[in-house]
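Colleague: When you get a sec, could you build the whole thing from the sequences and use the hints?
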Amino acid sequence: MIIEALIGFTFVAALLVLLAPNEWAGRLAFALSLVPFVGSLYLWWGFEAGGNALTGGAIAFESRIEWLEIGGRSVSWFVGLDGISLPLVVLTTFLVPLAIVSAWTPIDTRQSQFYGLMLFMEANLLGVFMALDFFLWFIFWEAVLVPMYFLIGVWGGPRRKYAAIKFFVYTNAASLVMFIGFMALVFGLGDSVSSFGLPEITQALAAGELGMWFGIPPETLAMAAFLAMFFGFAVKVPIVPVHTWLPDAHVEAPTPVSVMLAGVLLKMGTYALLRYNFTMLPDQASLLAIPIAVIAVISVIYGAMLALAQKDLKRIVAYSSVSSMGYVILGLVVFTEYGVGGATFQMVAHGLISGLMFMAVGVVYNATHTRMVDDMAGMADRMPIAVGILVAGAFAYMGLPLMAGFAGEFFIFVGAFGADAALPYAPVFTALAMFGIVIVAGYLLSAMQKTLFGPFRLETDYEVGPAPFHDVAPLGVLLAAIIVLGVAPDLFFEMIRDAALPVVEGVSVDG
Amino acid sequence: MVDQLPQWAALAPVLALAATGLLLLLIDAIKPSARSNTSMAVTSALGALVSLALTVWFVVAGTGHEDTGGAIYLFADAIKVDTMALFFTAIFASVTALVVVAAHDYFHDHESPAEFYSLVLFSATGMALLAVANSLAVVFVALEMVSLPSYALVGFLKKNRGSVEASLKYFLVGAVSSAIFVFGISLVYAATGSLILSDVAEGIETVDGLAGVAGAGIVMMIGGVAFKTASVPFHFWAPEAYEGAPAPVSAYLSSASKAAGFVVAFRVFTEAFPIGASISAGIDWVLAFGILAVVTMTLGNFAAAVQENVKRMLAYSSVGHAGYALIGLAAISAGGSSNDAVMGAAMAHLLVYGFMNTGAFLFVAMAERWGVGRTFADYAGLAKRAPIACVAMAVFMFSLAGLPPFAGFFSKYFLFMGAIDNGFVWLAAVGAINSVISLYYYSRIVKAMFLDDPSSESALDAVDVRPTGLYGAVIFAAVATVLLLPGFGPVIETAEAAAAALF
Chain U
0 MIIEALIGFT FVAALLVLLA PNEWAGRLAF ALSLVPFVGS LYLWWGFEAG
50 GNALTGGAIA FESRIEWLEI GGRSVSWFVG LDGISLPLVV LTTFLVPLAI
100 VSAWTPIDTR QSQFYGLMLF MEANLLGVFM ALDFFLWFIF WEAVLVPMYF
150 LIGVWGGPRR KYAAIKFFVY TNAASLVMFI GFMALVFGLG DSVSSFGLPE
200 ITQALAAGEL GMWFGIPPET LAMAAFLAMF FGFAVKVPIV PVHTWLPDAH
250 VEAPTPVSVM LAGVLLKMGT YALLRYNFTM LPDQASLLAI PIAVIAVISV
300 IYGAMLALAQ KDLKRIVAYS SVSSMGYVIL GLVVFTEYGV GGATFQMVAH
350 GLISGLMFMA VGVVYNATHT RMVDDMAGMA DRMPIAVGIL VAGAFAYMGL
400 PLMAGFAGEF FIFVGAFGAD AALPYAPVFT ALAMFGIVIV AGYLLSAMQK
450 TLFGPFRLET DYEVGPAPFH DVAPLGVLLA AIIVLGVAPD LFFEMIRDAA
500 LPVVEGVSVD G
Chain P
0 MVDQLPQWAA LAPVLALAAT GLLLLLIDAI KPSARSNTSM AVTSALGALV
50 SLALTVWFVV AGTGHEDTGG AIYLFADAIK VDTMALFFTA IFASVTALVV
100 VAAHDYFHDH ESPAEFYSLV LFSATGMALL AVANSLAVVF VALEMVSLPS
150 YALVGFLKKN RGSVEASLKY FLVGAVSSAI FVFGISLVYA ATGSLILSDV
200 AEGIETVDGL AGVAGAGIVM MIGGVAFKTA SVPFHFWAPE AYEGAPAPVS
250 AYLSSASKAA GFVVAFRVFT EAFPIGASIS AGIDWVLAFG ILAVVTMTLG
300 NFAAAVQENV KRMLAYSSVG HAGYALIGLA AISAGGSSND AVMGAAMAHL
350 LVYGFMNTGA FLFVAMAERW GVGRTFADYA GLAKRAPIAC VAMAVFMFSL
400 AGLPPFAGFF SKYFLFMGAI DNGFVWLAAV GAINSVISLY YYSRIVKAMF
450 LDDPSSESAL DAVDVRPTGL YGAVIFAAVA TVLLLPGFGP VIETAEAAAA
500 ALF
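For the protein sequence lines, the chains are U and P, in the order given. In terms of numbering that gives the first Met the number 0, the first sequence opens at residue 0 and continues consecutively. In terms of numbering that gives the first Met the number 0, the second sequence opens at residue 0 and continues consecutively.
Don't read these hints as lab results, they were simulated from the structure. Quantities reported herein were computed from a predicted structural model and do not represent experimental measurements. Check each hint, because a few of them may be wrong.
Computed footprint of chain P on chain U, listed as stretches where at least three residues anywhere in the stretch have a Cβ under 8 angstroms from a Cβ of chain P [stated by the list, open to error]:
no.	stretch
1	9-16
2	58-70
3	165-175
Quick list of in silico lysine-lysine cross-link-like pairs, DSS-like style, CA-CA up to 27 angstroms [what the hints assert, rightly or not]:
no.	chain 1	residue 1	chain 2	residue 2
4	U	K310	U	K449
5	P	K157	U	K165
6	U	K310	U	K160
7	P	K446	U	K160
8	P	K383	U	K160
9	P	K168	P	K157
10	P	K158	U	K165
11	P	K446	P	K383
From the three backbone atoms N, C-alpha and C, an ideal C-beta is built for every residue, glycine too.
Modeller: Written as C-alpha cells, this is what we have:
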C-alpha cells in the first residue's frame, strides 16, 4: 500500500498546489514534495528484495490489483521495486524538492500551475519506475510528456513553442514505434502469457515461448521488436543521431525543468532500455552488440565534440548529457555485472551531477541574464559560493575520484574492458569511450576558465552579487549527495548489483 | 427487484425520455409563465438523468442479458430490449443531460428556448427507440423521429443565416438518404418477406434468385447508415451542419446522433444479414464497411488537418471517428473468434467518444458564448483567462487523439487489437496511422490555448463571464473522460457481452 500512498499523495499534492494562490505555491509545493522524499527513504529503509523483479526475483512492496482484460490477457495495477528501480525512485523524489526550490527565483508567472505540473510530473515519474505491468507503465510513461510539454512551452525561453512541440512530436512518435514493437512480442507469445505483467512476459521470452505470428518466424519477430523498442527508447535517452530534440528542449526550458529533464527524464529511456531490450531480449542484444557499442561510442565522442563547439553554458551541459548517456549504453551492452550495474549507477550519478550543473548555470543566469561564454568573465569574484559549487560539479562531471561520477564511469569501464565474451573488441570500444573524458575535461575547463576566473566583466547591465540562500542551498545539498555517493557507492551499488546479476546471467554467451 | 417488474417496464428508459418531452410541452402549453429557461433545462436534465439511472440499474441487474432469460421481446417482436440497447441508451441519455445543461447558458438570451428542450428530448426518445428496434419498420420510424427534431435544432437560431443554411442542407441530404434507406428496406422486404430482423435473416439464407434485389436493398441501407453516422459518402452535410448549428446542437448531433446511427448499423447488419449467409448469397457487406471505414477515417482526418475553424475541425474529426467506429462492423468475419471483442470495442469507443466529443463541442459553445471567435488563432492565450476550462479542453483533445493517460487511449487500443485478433491487421494499421496524424490537429488547439499569446490585450476580456451550466457540463465531461480510464473494465465487459449476444 505504501507505493499507492506515495503516488496518490503526489497526485493530490499536485492538485492542491494547482489550486493554491501564486504567492505561496512555491513554498507549499516544496513542503509537500518532501513527503514523497521521506516516503522513498522509508521504502529504502524497508527494502527487502532479491534479484531482478523481471527475471523472477523477489519484488519489494509488491501490490497487484486486477484492472481489466484485453483479448484474454489481464491488465493490472501491478507495482513493486527491485534494486534497479529503487535508486531511481529515490533520485526522483530527491531531485524534485531541490528543483522546486531552484524555481523560486526564475519562475515569476503562473506559479501555482508551474509547481502543480512539477508535482504531477513527479507522480507519473514514480509510476514509470514502479510499474511492473506494461499498460500501467505505458500510461505513466506517456503521462510524463504532457506536463513536460507545458512546462517547456509556457515557461520556456524565446523559442519555447518550437522546442516544446519538437519534444512532444519526437517522443510521441518514438513511443508509438516502441509500443508497436512490444505488442508484436506479446502477440508472438500468444497464449503462453495470460497478463501484461512484465515479469511474466520476460520469463516467457526466456523460456523460448515466442512463436510464429502472421507467418513471421520468432527470431525475426524478436529482432524486429528489439529494433522498434531500441529506437523508441533511444530517442528518449537520447542517442546520436536521434538526439536533436534535447539541446532545443534544454536551452528553452527554465532551469528547474532542465534539472528534471536531464536528471530524471533521460533516465526513463535508459531504464526502459535495460528493462525491455536488455532484460527481455538479451540474445538479440548480444547479436547486435557491435552496432550498439558503435552507436554508444559515437554518442560519447560526438556528444562531447558538440559540447566543445558550444558558446552557451546550458547547451554545453545539454550536449555533455548526450555524451554521458553513451557510457550508460556501453555499460548495458557488455553484459557484465559491473557493466550493467555501473550503467544503472551512472544513471543515478548523472542525474545528480547534471542536475547540479543545470542548477548552477541557472543561478549564474539568474544574476547575469546571459549564458553566453563570451559575455562574461570573472564570475568567481562576485558569487564565490555558487561558482565554487559549479566548479566542484564540473569536476564531478569529469570523473574526479570520490565523487559519484567517478564511481559510475569506473564501474562501466571495469565492466566493459574485459567483456570480450559479449562484445568483441570490447577493449577498443572502452578505450575509445574513455577518450571522451578527455574531451569533457577540455570543454568544461575552458568554459570555466573563460567565465569564472580572471577579472570581472559582464556584457549586460545587471548588478551581480552573491546568489540568495535558497538558490545556493539546493546546490550544496546536491554536491553533498554526489560526494556521499562517490565515497560510499555501495549505498546503491549493492542492491543494483543484486538486480543486475540475473540480467547478466540470462544472456547466453556463445562467442 | 427488476424481475418483479412487468415486461414492458424494460422500456422504462425510453418512456422516461418520452414522458419528459411531453411534460416540457405540457408546461409550455398550460403555464407559459413557468417556462423559463432554467425550469425547462432543469426538467429536461432530470428526465435524462432518470433515464440514465434506469439504464444503469437495468444493466447492473442484467435485464435482457442471457443470464436472466435473454432479450425481452415486446409488441410482436417489434421491440427487443437487450444489453446492447441499454448500453446505447446510456450513451444517449448522458449526452442529452450534458447538452441540456450546457444549453441553459448558451440560450440565456434566446426569446423562446423552451422548444429547444422538448426537441432534444424527442430526438433522444427516437434514439432510445432505435436502440430497441427489432423490426425494419420500427427502425425507419425511429430514425425519422431522430432526424426531424434534429433538422429543427440545427436551424434553431432562425435569425442566423449560417444556422438556417446548415439546417436546409442537413434537411435536403437527410430527406434523400431517408428515401434511399426506406427504399432499401422495401427491397429487403421484397426479397425476404419480413421486416422482423430474425426473419429477415432466415430469408437471406434462402434468398437464392432474389439475391440481387436483397443486395441492392442492403447497399441502400448502408447509404442510410452512412448518412446517420456521417460517414463517406454521405458525410457532406456534417461539416456544414455542425458548423452552422448552435454548438450544443453540434455536440448532440456529433455524439448522440452518430451513436444512434451505429446502433442501427450494428444491430441490423449482424442480426438481419448474418455474415455467413450474406457472403454465400454474394452480398459482402463486411467488405463494403471495410472500404467505408478506411475512406472515412482517412478523409475525415486529412480534412480536419487543414481547417482553420475549430468547429469545422471538430466536425471533420467527428467524421474520422465514425471511421474508427465502423471498424466494429468492418473487422468481423463469419465465425471470427474476436467478433464480440471488436464490436464491443467499437461500442465502448462510442461511449468514451460521447463524453470527450460532447465536451469538446461544449467548450466551443462556451467560446461562442464568450464571443472570442471561431478560428484557432482566436483561441490564443485562452488558458490565461480560463485555465480550468482549457485544461478540460486539453483533456478532450488528447483523449480524442488517443494519448494514454485518457480513456480514448483504451477505447482505440481495444478497437485496433480486436481487429488484429480477428485478422484485420490492415484496418488496425490504417486506424493507427490516422490516429497519429490526428494528434497534429488536436494539439494545435492545445498549443493555441496554452502557448500562444492573444492577438491583443483586450481580445479576451469577454472571457470573464463564467457560465455555470456550461462550465459544469464541460468539467463533468472531462472528469468522465479521465475516470473512464481506470473504470474501463466494466464498460468493455458490458460492451463485449452486449456484442456477443448479436453473433
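Colleague: Are the Cα positions of K310/U and K449/U separated by 27 angstroms at most?
Modeller: holds, 11 angstroms
Colleague: Within 27 angstroms, alpha carbon to alpha carbon, are K158/P and K165/U?
Modeller: The given pair, whose Cα atoms are some 45 angstroms apart, is violated under the 27 angstroms limit.
Colleague: Compare the distance between the alpha carbons of K446/P and K160/U with 27 angstroms, and conclude whether the hinted pair is satisfied.
Modeller: This hinted pair holds, its Cα atoms lying about 8 angstroms apart.
Colleague: Counting residues of the stretch 165-175 of chain U whose CB is closer than 8 angstroms to a CB in chain P, do you get three or more?
Modeller: Answer holds; 4 residues pass the 8 angstroms Cβ test.
Colleague: What's the verdict on K446/P and K383/P, does the C-alpha distance respect the 27 angstroms limit or exceed it?
Modeller: holds, 13 angstroms
Colleague: Are K157/P and K165/U close enough, with their CA atoms no more than 27 angstroms apart?
Modeller: violated, 45 angstroms
Colleague: Hey, K383/P versus K160/U, does the alpha-carbon distance stay inside 27 angstroms?
Modeller: holds, 16 angstroms
Colleague: Could you grab the alpha-carbon distance between K310/U and K160/U and see if it respects the 27 angstroms cut-off?
Modeller: With Cα atoms ~22 angstroms apart, K310/U and K160/U stay inside 27 angstroms; holds.
Colleague: With a cut-off of 27 angstroms on the C-alpha distance, tell me whether K168/P and K157/P pass.
Modeller: Holds. K168/P to K157/P sits at ~14 angstroms (cutoff 27 angstroms).
Colleague: With a Cβ-Cβ cutoff of 8 angstroms, does the stretch 58-70 of chain U contain at least three residues near chain P?
Modeller: holds (count 5)
Colleague: Against chain P, does the stretch 9-16 of chain U show at least 3 residues with beta-carbon separation below 8 angstroms?
Modeller: Contact hint for the stretch 9-16 of chain U vs chain P: violated, 0 residues under 8 angstroms.
Checked against the numbered hints above, the structure violates hints 1, 5 and 10; every other hint is satisfied.
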